[in-house]
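> Sequence:
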Amino acid sequence: MARDSYDDSYSRPVRRLLLAVLVILLFVFVLIWRIDNPRVERMRAAVIDRYVPNMEWMMAPVTGIARMAEDFQSYARLFEQNQELRRELQQMRAWREAALQLEQENARLLDLNRVQLDPALTFVTGIVLADSGSPFRRSVLLNVGARDGILDGWATMDGLGVVGRISGVGESTSRVLLLTDAASRIPVTIMPSGQQALLMGDNSGTPVLDFIDDPQDVAAGDRIVTSGDGGLFPPGLLVGQAVFTSDGRMRARLSADLRRLNFMRVMRSHPGTTLDTPADLIGPPWPPEGMALDEDGGLVPADAVGSEAPEATP
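Letter by letter, the sequence shown follows residues 60 to 373 of our numbering.
No lab work stands behind these hints: they were computed from the structure. Owing to the predicted nature of the structure, the values given are computational and were not obtained by experimental measurement. Built from N, CA and C at the ideal position, the CB exists for glycine as well. Some hints could be false.
[As the list claims (entries may be wrong)] Simulated DEER-style distance windows between Cβ atoms:
| no. | residue 1 | residue 2 | range |
| --- | --- | --- | --- |
| 1 | Phe270 | Gly212 | 48 to 54 Å |
| 2 | Thr122 | Arg327 | 58 to 64 Å |
| 3 | Ser133 | Arg155 | 30 to 36 Å |
| 4 | Glu129 | Gly212 | 35 to 41 Å |
| 5 | Thr122 | Glu156 | 49 to 55 Å |
| 6 | Gln150 | Ile124 | 37 to 43 Å |
| 7 | Met250 | Thr122 | 54 to 60 Å |
| 8 | Gly280 | Leu210 | 30 to 36 Å |
| 9 | Gly218 | Ala135 | 38 to 44 Å |
| 10 | Ala125 | Val82 | 27 to 33 Å |
| 11 | Ser263 | Asn165 | 44 to 50 Å |
| 12 | Tyr134 | Gly289 | 31 to 37 Å |
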């Protein structure tokens, strides 16, 4: 019993001493490793060359575990992206069905009114040469200009949403003032409520929606399109969606990706035809004068229908 007490009283100070020496050695080692000196640097390089290659077998388990953790994280990210893509695909299918129904309805309405639309709105595709933006200005340069028929004020799109408008035209280049620029002001319509608003840039990624008649009728996620008021932009071009930010203001999340602008469409805007009377939109009376519709809906001379009618009467 006395022997065990003696050994314990003797070994405890020795352990403390060894621990203190180990701590001091580690501190000195770290201090030397951090010293910025050519000699110390050569010594560090010599130590690394001497011992690190021989310790690969010790680092193999750690490296394997680290790779397994990275693979697991990558798998988790892929799984989340797959789920997100599945949800987006389901939404796209619903939107596709809605678009097909609207297209069919529009075709029926056009057929009933026999409205012939003039394809006056065409576009010119340009390549973004440079981003001339700054903390106080948001604009880009295109490789199309006056020689391509570009005019100042025309709208530009990235294929999905409105990007901005032409604010300067050269012979072979033109400048596009983005919607996020503080000098940008365009009239828009918020759907489906039909509220009119003014989209104003403030050099941030989400322009401000202001001068709304009834803000209570606008909800987050409502579509924003150009209204065409003032003849600045053609009506119906997609701008983005309405959002409410932390500052309490209503803003627009743009559909165009301003961070990845490689190509742009410059929309050729031609003056529209002024309608003097509402009847100008609707075609002449149907069927035309002197013609009639047969049982199959086709056009036949009115005399032929009139001559057949008595025969059908008993």
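> All hints, please: hold or fail.
Hint by hint, here is what the structure shows:
| no. | hint | result |
| --- | --- | --- |
| 1 | Phe270 with Gly212: 48 to 54 Å | violated (21 Å) |
| 2 | Thr122 with Arg327: 58 to 64 Å | holds (60 Å) |
| 3 | Ser133 with Arg155: 30 to 36 Å | holds (32 Å) |
| 4 | Glu129 with Gly212: 35 to 41 Å | violated (52 Å) |
| 5 | Thr122 with Glu156: 49 to 55 Å | holds (51 Å) |
| 6 | Gln150 with Ile124: 37 to 43 Å | holds (39 Å) |
| 7 | Met250 with Thr122: 54 to 60 Å | holds (56 Å) |
| 8 | Gly280 with Leu210: 30 to 36 Å | holds (34 Å) |
| 9 | Gly218 with Ala135: 38 to 44 Å | violated (33 Å) |
| 10 | Ala125 with Val82: 27 to 33 Å | holds (28 Å) |
| 11 | Ser263 with Asn165: 44 to 50 Å | violated (36 Å) |
| 12 | Tyr134 with Gly289: 31 to 37 Å | violated (54 Å) |
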